[in-house]
Amino acid sequence: QKEVEQNSGPLSVPEGAIASLNCTYSDRGSQSFFWYRQYSGKSPELIMFIYSNGDKEDGRFTAQLNKASQYVSLLIRDSQPSDSATYLCAVNVGNQGGKLIFGQGTELSVKP
Amino acid sequence: EAGVVQSPRYKIIEKKQPVAFWCNPISGHNTLYWYRQNLGQGPELLIRYENEEAVDDSQLPKDRFSAERLKGVDSTLKIQPAELGDSAVYLCASSRTRRWEETQYFGPGTRLLVL
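Which chain is which? The protein sequence lines are G and L, in order. According to the numbering used here, the first sequence is numbered sequentially starting from 1. According to the numbering used here, the second sequence is numbered sequentially starting from 1.
Hints are computed from structural coordinates only; laboratory data are not their basis. Even glycine gets a Cβ: it sits at the ideal position worked out from N, Cα and C. Be aware that a few hints might be false.
In silico DSS-like pairs for lysine-lysine, Cα to Cα no more than 25 Å straight-line [claimed, not checked]: (1) K42/G to K78/L; (2) K99/G to K67/G; (3) K16/L to K78/L; (4) K11/L to K42/G; (5) K99/G to K15/L; (6) K62/L to K15/L; (7) K15/L to K78/L; (8) K99/G to K78/L; (9) K71/L to K99/G; (10) K67/G to K111/G; (11) K42/G to K99/G; (12) K111/G to K99/G.
Chain L is faced by these chain G residues, among others (derived, beta-carbon under 8 Å) [claimed, not checked]: (13) S32; (14) Q80; (15) S84; (16) L88; (17) F102; (18) G103; (19) G105.
For reference, chain L alone in the conformation it holds in the complex (with noise of 0.2 Å):
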C-alpha cells in the first residue's frame, strides 16, 4: 500500500511570495490533515477534510492560508503572501475516517524556508 504523498519535498521562497503543497491520502483514507510543525515542536493541526469537507480548520490563518480538497481526494495547502515565521515542514497526514481510534499516518512533509 502507498503511503501519503506530498510535493514538493523542499521549497525556498522570499518573503510576500506565494507558496502551495500538494498532499496525495493513501488510497480509501476519507480524512486528510494539514499540519504544521516548528523546529522542536510537535506538529499542530491546520485543518482537517472529511472527504470534501473541512470539518476543523479554527487554526488556519485564513487571512494568508487557504486549503482545498477538491473530489475529496488530492489537496492543496495555499499560503499568500508567506512571511518570515511561516519557516515549517508542512506534514500531511491521513486516516481512514475520523473516528477517535483511527491511526493516522503522515507523509514526508515539505520543508518550507522563507527568506
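Bound-form chain G, shown alone (with noise of 0.2 Å):
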C-alpha cells in the first residue's frame, strides 16, 4: 500500500460545478497535511493546510480532515477553467518533522 493516495483522474467537471478530490494515508501519526496545485510545466503551490479533523474553508476551497478514516479531501466549488491543474495531497509523516509524502497528483479539468 502506498503511504498517499489518489485518485489519478482525470476529473472532469463543468464550468460551476463542485469538484471532489480525494486522498488517503497509512500513517496513523500523521499530524499535517496538505493540497497543492501544480499546472503543467510549474511547480506545485499551497492552496491549503489542514491539521485538526473537520473542515476548513478558504474562498472556494473547502479541505475536509478525518483522521479515524485517514481521509483527507478538497472541494472546490464554482469551479472555473482556471482551476484546471494536478492537485497534490501531502501529508506529514508521523514523528518526523518537515518529511512531506506526496500522492501521485489527481489532474482536474474544468470544462466552459
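Two chains, each in its own frame: build the complex with the hints.
And the structure:
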C-alpha cells in the first residue's frame, strides 16, 4: 500500500460545479496535511493546509480531514477553467517533522 | 518576499555526463529540501537540510548523487554520472523550520533530460 494515495483521474467537471478530490494515507501518526496545485510545467503551489479533524474553508476551497478514517479531501466550489491543474495531496509523516509524502496527484479538468 | 530560486531551469546532457543544480531558498528559511518529480508522479524527497546539516538523505542515491549546503543557505545537488533514468524535474523547496506544521514553498524546478 502506498503511503499517500489519490485517484489519478483525470477528473472532469463542468464550469460552476463542485470538484471533489480525495486522498487517503497510511500513517496514523500523521499530523499535517497539505493540498498543492500544480499547473502543467510549473512547480507545486500551496492551496491549503489542515491539521484538525473537520472542515477548513478558504474562499472556494474547503479541506476536510477525518483522521479516524485516514482520509483528507479538497472541495472546489464554483469550479472555473482556471482551476484545471493537477492537485497534489501531501502528508507530513508521523514524527518525522518536515517530511512530506506526496500522492501521485489528481488531474482536474474544468470544462467551460 | 522573493521565492525559492533555482538554476538552471532546463538542462539537456548526454548520459554519463555530470550535472549540477543550484538552489537559493527563501530568506530566513532554515530547512531546505530537494525533491525529484517524475512525469505523472508526485515529488519524492531526495534530501533534507536543517541549516547546513543533512538530516534525512535516506532516499538519495549516494553512488551518483551528492548534495551540499555550505553556510546553511544556498544548496547544490550534483549527479555524476547521469543515467537515462535521471530525466525528471528536480525541485527545491524551503520552510522556516522542519516542524510538522510548517509549509514548504517550492522553486520553479530544473527540468533535466538525459540523452
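Evaluated hints:
1. A distance of roughly 22 Å separates the Cα atoms of K42/G and K78/L; the hinted pair therefore holds under the 25 Å criterion.
2. Pair hint K99/G plus K67/G holds up; C-alpha atoms about 18 Å apart against a cutoff of 25 Å.
3. For the suggested pair K16/L and K78/L, the alpha carbons sit about 13 Å apart, so the restraint of at most 25 Å is met.
4. Pair hint K11/L plus K42/G holds up; C-alpha atoms about 16 Å apart against a cutoff of 25 Å.
5. Of the pairs offered as hints, the one joining K99/G and K15/L is violated, with about 31 Å between alpha carbons and a cut-off of 25 Å exceeded.
6. Taking the CA atoms of K62/L and K15/L, the gap is about 17 Å. The hint holds against a cut of 25 Å.
7. A hinted pair counts as satisfied when its Cα atoms are at most 25 Å apart, and K15/L with K78/L qualifies at roughly 14 Å.
8. Between K99/G and K78/L the CA atoms are separated by roughly 21 Å; this keeps the pair inside 25 Å, and the hint holds.
9. Taking the CA atoms of K71/L and K99/G, the gap is near 22 Å; set against the 25 Å cutoff, the hint holds.
10. Between the alpha carbons of K67/G and K111/G the distance comes to roughly 33 Å, so the proposed pair goes past 25 Å and is violated.
11. Proposed proximity of K42/G and K99/G is supported: the alpha carbons are some 22 Å apart, at most 25 Å.
12. Distance restraint check for K111/G and K99/G: the Cα-Cα separation of roughly 35 Å exceeds the 25 Å cut-off, and the hinted pair is therefore not satisfied.
13. The closest approach between the C-beta of S32/G and any C-beta of chain L is roughly 5 Å, which is under the 8 Å cut-off, so the hint is satisfied.
14. Checking Q80/G against chain L by beta carbon gives a least distance of about 23 Å; that is not within 8 Å, so the hint is violated.
15. For S84/G, the suggested interface contact is broken, since its CB lies about 16 Å from the closest CB of chain L, more than 8 Å.
16. Because the smallest distance between the Cβ of L88/G and any Cβ of chain L comes to about 5 Å, under 8 Å, the interface hint for this residue holds.
17. Interface restraint check: F102/G against chain L, minimum CB-CB distance 3 Å, threshold 8 Å, status holds.
18. The closest approach between the C-beta of G103/G and any C-beta of chain L is roughly 5 Å, which is under the 8 Å cut-off, so the hint is satisfied.
19. For G105/G, the suggested interface contact is upheld, since its CB lies about 5 Å from the closest CB of chain L, less than 8 Å.
In the structure shown, a violation is registered for the earlier hints numbered 5, 10, 12, 14, 15, in ascending order.
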